[in-house]
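Participant: Could you build the full structure based on these sequences and the hints that come with them?
There are 6 protein chains.
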Amino acid sequence: MMRLQVPGYELLSQADSLKYSFSGTGVNVSSALSRFGHEGYLISRLPSNPLGDAAESYLRKLGISQSLLSRGGEHLGMYFLENGFGARPSRVTYTNRQASSFNTAPEGTYDFDQIAKSIDMIHFCGITLAMNDNVRQHMKSLARAVKANGGTVVFDCNYRPAHWRDGGYAKAKPHYEEMLELADIVMMNEKDAILTLGMPTDKCEREEQLMDLIPDVARKYRISVIAGTHRFINGDNTHSLRGFIYKDQVFTFSNLLTFSVYDRIGAGDAYTSSIIHGEIEQFSPQQTVDFAAAASILAHTIVGDTPMSSVGEIFRAMTERVSDVER
Amino acid sequence: MMRLQVPGYELLSQADSLKYSFSGTGVNVSSALSRFGHEGYLISRLPSNPLGDAAESYLRKLGISQSLLSRGGEHLGMYFLENGFGARPSRVTYTNRQASSFNTAPEGTYDFDQIAKSIDMIHFCGITLAMNDNVRQHMKSLARAVKANGGTVVFDCNYRPAHWRDGGYAKAKPHYEEMLELADIVMMNEKDAILTLGMPTDKCEREEQLMDLIPDVARKYRISVIAGTHRFINGDNTHSLRGFIYKDQVFTFSNLLTFSVYDRIGAGDAYTSSIIHGEIEQFSPQQTVDFAAAASILAHTIVGDTPMSSVGEIFRAMTERVSDVER
Amino acid sequence: MMRLQVPGYELLSQADSLKYSFSGTGVNVSSALSRFGHEGYLISRLPSNPLGDAAESYLRKLGISQSLLSRGGEHLGMYFLENGFGARPSRVTYTNRQASSFNTAPEGTYDFDQIAKSIDMIHFCGITLAMNDNVRQHMKSLARAVKANGGTVVFDCNYRPAHWRDGGYAKAKPHYEEMLELADIVMMNEKDAILTLGMPTDKCEREEQLMDLIPDVARKYRISVIAGTHRFINGDNTHSLRGFIYKDQVFTFSNLLTFSVYDRIGAGDAYTSSIIHGEIEQFSPQQTVDFAAAASILAHTIVGDTPMSSVGEIFRAMTERVSDVER
Amino acid sequence: MMRLQVPGYELLSQADSLKYSFSGTGVNVSSALSRFGHEGYLISRLPSNPLGDAAESYLRKLGISQSLLSRGGEHLGMYFLENGFGARPSRVTYTNRQASSFNTAPEGTYDFDQIAKSIDMIHFCGITLAMNDNVRQHMKSLARAVKANGGTVVFDCNYRPAHWRDGGYAKAKPHYEEMLELADIVMMNEKDAILTLGMPTDKCEREEQLMDLIPDVARKYRISVIAGTHRFINGDNTHSLRGFIYKDQVFTFSNLLTFSVYDRIGAGDAYTSSIIHGEIEQFSPQQTVDFAAAASILAHTIVGDTPMSSVGEIFRAMTERVSDVER
Amino acid sequence: MMRLQVPGYELLSQADSLKYSFSGTGVNVSSALSRFGHEGYLISRLPSNPLGDAAESYLRKLGISQSLLSRGGEHLGMYFLENGFGARPSRVTYTNRQASSFNTAPEGTYDFDQIAKSIDMIHFCGITLAMNDNVRQHMKSLARAVKANGGTVVFDCNYRPAHWRDGGYAKAKPHYEEMLELADIVMMNEKDAILTLGMPTDKCEREEQLMDLIPDVARKYRISVIAGTHRFINGDNTHSLRGFIYKDQVFTFSNLLTFSVYDRIGAGDAYTSSIIHGEIEQFSPQQTVDFAAAASILAHTIVGDTPMSSVGEIFRAMTERVSDVER
Amino acid sequence: MMRLQVPGYELLSQADSLKYSFSGTGVNVSSALSRFGHEGYLISRLPSNPLGDAAESYLRKLGISQSLLSRGGEHLGMYFLENGFGARPSRVTYTNRQASSFNTAPEGTYDFDQIAKSIDMIHFCGITLAMNDNVRQHMKSLARAVKANGGTVVFDCNYRPAHWRDGGYAKAKPHYEEMLELADIVMMNEKDAILTLGMPTDKCEREEQLMDLIPDVARKYRISVIAGTHRFINGDNTHSLRGFIYKDQVFTFSNLLTFSVYDRIGAGDAYTSSIIHGEIEQFSPQQTVDFAAAASILAHTIVGDTPMSSVGEIFRAMTERVSDVER
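Chains as they are written, first to last, in full-length UniProt numbering: chain A, 1 to 327; chain B, 1 to 327; chain C, 1 to 327; chain D, 1 to 327; chain E, 1 to 327; chain F, 1 to 327.
In case anyone wonders, no lab produced these hints; they're calculated from the structure.
Since the structure is predicted, the reported quantities are computational estimates derived from the model, not experimental observations.
Please note: incorrect hints may appear among the correct ones.
Taking lysine-lysine pairs in the BS3-like style, the calculated list, with each CA pair at most 30 Å apart, reads [claimed, not checked]: (1) Lys19/A x Lys19/F; (2) Lys61/E x Lys117/A; (3) Lys117/F x Lys19/C; (4) Lys19/A x Lys19/B; (5) Lys19/C x Lys117/D; (6) Lys19/C x Lys61/E; (7) Lys117/E x Lys117/A; (8) Lys203/D x Lys19/C; (9) Lys19/E x Lys61/F; (10) Lys61/B x Lys19/C; (11) Lys191/C x Lys220/C; (12) Lys19/F x Lys19/B; (13) Lys61/F x Lys61/D; (14) Lys117/D x Lys61/F.
Facilitator: Structure representation (structure tokens):
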């Protein structure tokens, strides 16, 4: 997607300029994994026009290999971002989404078997699942092909009410279940279980609900790893966040961390990509969740959606207190 | 439409920021006429979101009354503009056009009879005619209502090949003919007659073709005033332009003027609005065409699509040589 | 007034660019009320030059009707703003104030009876009262005309020591008393009573002083509604604020709210316009004061002097905790 | 003065930011002479506020000694500049001029005898002469003191119609005559002789008028050196300029030079300061006028009012054709 | 190298911001060839710090494969660019060059045999030859390895007096001769033959000198293709340029083209990369030289050192007159 | 040095522009003392190129007399600054340091005796001591000359591990000891005593270590005044700081102050210059340390390295609570 952000804290009706970049969950996760030393690809379709050229250059700059990108169609999904401040929340206005080259990619755009052979692991996002039947078909075919080929499937639930619209949870449920069946690693928390999967709980506290429901989800859909976060938004431009991972029937939590927020969008993708990195590198669950929480905190201090921190910087943030200027 | 322009002379794949404004032929003509002392309205539909809010504020700033604007739908037509320089032409990339609130306005969005009663004159543009059947239906109904109510109908041919696509001239012809039948004042030149209306001529020079064909067009469709320009693009960031008006069976021409170009887009709308102003104010044809040519030249020196010159400034540009700093 | 703000946190002697906008208490209140669904006018005089043109467009953009604006004179009041940060306060440098088109408007510029007939309510500000005898004469004549015509008079005390200079309170008192006699709704707190009106109190705490003095003010000048705030400035770019309203002999208070501050100027006008809105819409005193406090907090997060929040956004801020990105 | 310039080619009613700098004829001439290796002072008064601080730092940056600057008063003269392009002239809007610290400096602000002793040469400008009686009194007293002390007096006629307003030439004449009597070096051309001094000529061409009138002026007011330029403004962002110097009863001319213009304001001061430099350094008249013409042309390519070229750069521009990138 | 450019037309002593990018002859040629559909590599060394990270991302964005880049050392060569305008030439200030990671790369940094095997063609630049003995050693070893492996060697003479300093031509000659012996395709013109190689000619006109000397050069050093340009700089921000190619004992010339210049730096590399492309694609000499001249002209209209035009855009510029906005 | 700062919070690999300014410990201290009413000089060497011109203008702007500056060499030390945010620390990348005009100034660049006669006090910084033997020689010769001439020597330990590299403390110790022998006023804290001077202590808390070691240092090297700070970095963009001064065998401390940080670099120089000012003005130790702590806090709120607060502003910050907008 193209992100068009009003600089500073003006509204769209006050400003006259925008900063633009290209992002999206896939971009963020793939770029972060490249920065961690893996080979990151994006499977998508970009328009055959100057916007597509700009997006392609930008993805290369982020370290993403362009070899699985195709070009065609005329549009790019876009969103306009007005930065919030303190008591005033940030505001996102989507445009052009259904008409995007990605969402209108015809049958045969991607060679799923070929792709499945060239990668070890694949990441899908619930936002994409909300797009349209065509896209959902692509996702599921590809997930099956990767699975069949012995690859690992990651699924990030990422339910967005605005995309599914009225009665969305009911519409979404069968698609989510299908993806959960295929997935090895899942990003979610108790809200996904309650709202999307419709699972009941008699607990009231978020943490209790989590510990009540996530083991059931893992069991029911045969998922190896479920991870996610609890986030609390404070009035003074700080957030608090605690990460968890559920693996081998054990919950592991990070500390509850409170931190200043500069750019919140995409910070969840920093968490996701770090969980994936921890799994690939066979970190202990504690190390994985601490690494992911630190990566996510750093991502909140980075301009743009896409995480920019190296493994070294994340480890430094895990182990040290906030430091003075690095010279 | 929302204009998203790369500042300076970078390409979209080089830059990271955009200047935005809101324009379109209707906006440009209506705003120019407001600046000339008339009451200018825009009949359109803007999305019910922060982009629509921004557009509405911007139109107010330009002096356009918002009383005939409605709100609804989710999208705004957009175009990205990369400025050319010298031998490198400017480049426009459209996006989101068919999905715009305007192009998806349902039956009943506008009350044509009510509108027809509240205005004296209405301006239509051939670009709008290229949109879709629904929009064309709106245009023609409104033109008929205004005509029935004794108002004046202006039609600017403005044929854009990219919008009509393959076989466009044939597709466009019946719609253009219908609008020409309804119009009192028409903006066009010999190319519209030859290409869109398919009229034959055995002349080779542009000016001869013009003088051969335009009287036929005026006669055939019973049009009172036909006006337009011939434009020549030079390699050194200058253009040359001569305006004409055909009225009462007489052609009147402006001088051929050569001038430096800063922002070419919308300069045609400055010409159109000035022809309209000349007709309303009952200028002589020579005064009208000279006023319109001067207005158009000034519009090439103005940032953005929308003309910003006052009547006084245009008269100064008509009568004086280029002057030093005005203090 | 024209606001010329150094962007970011540089001083005038460090920077080389300024952001400009047009504001002032009248602009802020009128624009906020337009946004709340009322018809907002500004009664003022702008210079007949490009600065006046820019100001007029800007006011239209803010939704203010230009029908009561006149043009004449050569100057606009201006102020330069250097943003403070943490321990370093913001700094305002006024220029050109006495020479402004508004402050030099001759007798007969405004037709008070005509104006009084076309409006239901009028807002005056103590800053204007500090300008000069001519302006004070205009204010009082207009207030009397509106009152005579059955309209409501709002007066915001807004005493600024820099404008009245040495011995200011004594100079100001008779003018303030005259305005208070004419006013139905007054914005003030105990400091105005003590310093400007010279009223004694034996209380020490601000809140006790307020509750001791405001009822006397209301009684003495026959004022229906007195409202205002107590503000506390913290060292970490946050402020704390509690609003009050005194009506029908009862004090109603908002909670003491602590919030991050981005742009403090004009936040008082957000409070004032919201009190006015609450009175027009016949909110309960509690609803009015909560609405006004929330509006003021949001105004601290908005770039520029002029409030930009809609009724919906203010209600959301009243009832919900700080929320995540709105998508 | 403070120059507040709309960046790029937008109008004040389109833009939202300004670039600012501090200039004025005195600043430009003094700074240029500092750059040429002389000691440059400015005799002026700046306000005691952050604007005065910013101006003082800026003058230091330009190489002007602050030892003859005083501080007091509250205002600075300002002008807003909207850049023209091609057929659209640049536009200057003055503000705050009469109220400036300089124009309101009381008797006794400057110690004329002290100043006269510390300098060799002094430059006055006709713009200052237009301000008010107080300022004119300062100018004449200082000119007399410098003259009495054996210093050289330079006077630049620089008649600005907007400052003298209606009947300005008649009002200005006695003051100009007084300054011409005191001056050793005068910047002017035939227009000053005809319009301000009311001298008759029966010639029609500018150059003939110049050669007819300037010798009379030199004789009548006993002026050693008279210098100036003829400027022609072309439609394509270029100007043409020829410089002259009249000394020892001989006219010497530069070539007529045509050049691209980036920032026209202050280019006359580059010419003046270069004539002064030529006189101090005892260049031949031909060298002086060629140096001044080249300096003026370079000043048209420099951002801001104040010339920035070194002696070396000006000599290079005099002797060489336009060169490629200097590496 | 890192290019640090003052935006607009200010000098370093006036501005306070810089635009930065990463370029150099190798970057420009490699990136242009990537854009033309070849696989482009850069053989260089970047520092192991955030500047190196930024450079590496930037090169990826330009489409250059990073697989032959190494990291090490602490510095990057930089140059500061102040844009000229009209009569004022652009100015380049180099810094940090000898200390750069590239110029201090130790023995063994590059595996020449390995590189030679992985590429078909290699481009060297005379600027690099001026650096130091170590770098010269690297260049020659690599050229020999490529040649030995059957690859094509391109050498661009690009003599820069500032790098070789006093007596530079004599110092440079043996190194240039060594490179010419190894080269298959050489970029040069008659000046290189006269000044660097010290070849005599009795012709006076540039074109005659060229036709006199270049065949001797080709014969003496057994060079298949010699190409280059003649450039003329006009006073109005335009340049004129004619390209030539000498191949199979025949000279072929492009037309003399005159065009507006926005950014002159790197335009020579657009010419070079287009000659290479023509040779690879086996264009006729006329097509090659016309393609290269058009590519170079477009590169003068592009921001930054690096050409950004596609093959399609260059062909369009070769065959069409300057066109209106592309929509 | 030239500071090249990425604006906002982007990284070098994300942004494309830089803000630049010129600073360094000597610049900061000298400029602050000028602002406090003293005459401030800088003893340094700047390159003879446009970067040197820009630096020289900038220093003049800061109020530093250029009379002890010399010009020569080709380079300027530079550093790139990426702003940290919250949990992400700021990052400094040095470049070009050893090659700078200052670090390569040859014997005889400075006339130490002449300099010593023209000044009352001199400030040296430990960063300079880390440069090279040549520079160290200059420093010590000058310190001795000033001392011999009765002047006061200030030495700021400012040990930077990155400059001394491996085994740095041992390498640094003899040079530090030599400077301490010569110094009257020293800026340091217990860490310098422990790490650089290798002094043992059996205390664990920083404050105890300080009180244990500093008196020994003062005694051993016969230093009149030792001052410094303890700084604590919090996670929410605030720091806490306590200043101390040791004089006449007595420790005096400021309060521990917690404050928001905008730009941390150079805040130590604000502390140093304020200690110097207190000593010159014979403030009491309490007043000196409070003044210095307040100055340092304000410097954290100022853009750029160089303190910009006046004596009046610092006193206001010492005595008042954070205030509202200053109008």
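Participant: Hint by hint, note whether the structure agrees.
Facilitator: Hints versus structure:
no. : hint                : verdict
1   : Lys19/A x Lys19/F   : holds, 18 Å
2   : Lys61/E x Lys117/A  : holds, 27 Å
3   : Lys117/F x Lys19/C  : violated, 48 Å
4   : Lys19/A x Lys19/B   : holds, 9 Å
5   : Lys19/C x Lys117/D  : violated, 44 Å
6   : Lys19/C x Lys61/E   : violated, 33 Å
7   : Lys117/E x Lys117/A : holds, 28 Å
8   : Lys203/D x Lys19/C  : violated, 51 Å
9   : Lys19/E x Lys61/F   : holds, 23 Å
10  : Lys61/B x Lys19/C   : holds, 18 Å
11  : Lys191/C x Lys220/C : holds, 17 Å
12  : Lys19/F x Lys19/B   : holds, 21 Å
13  : Lys61/F x Lys61/D   : holds, 4 Å
14  : Lys117/D x Lys61/F  : holds, 27 Å
When held up to the earlier numbered hints, the structure conflicts with 3, 5, 6 and 8 and fits the remainder.
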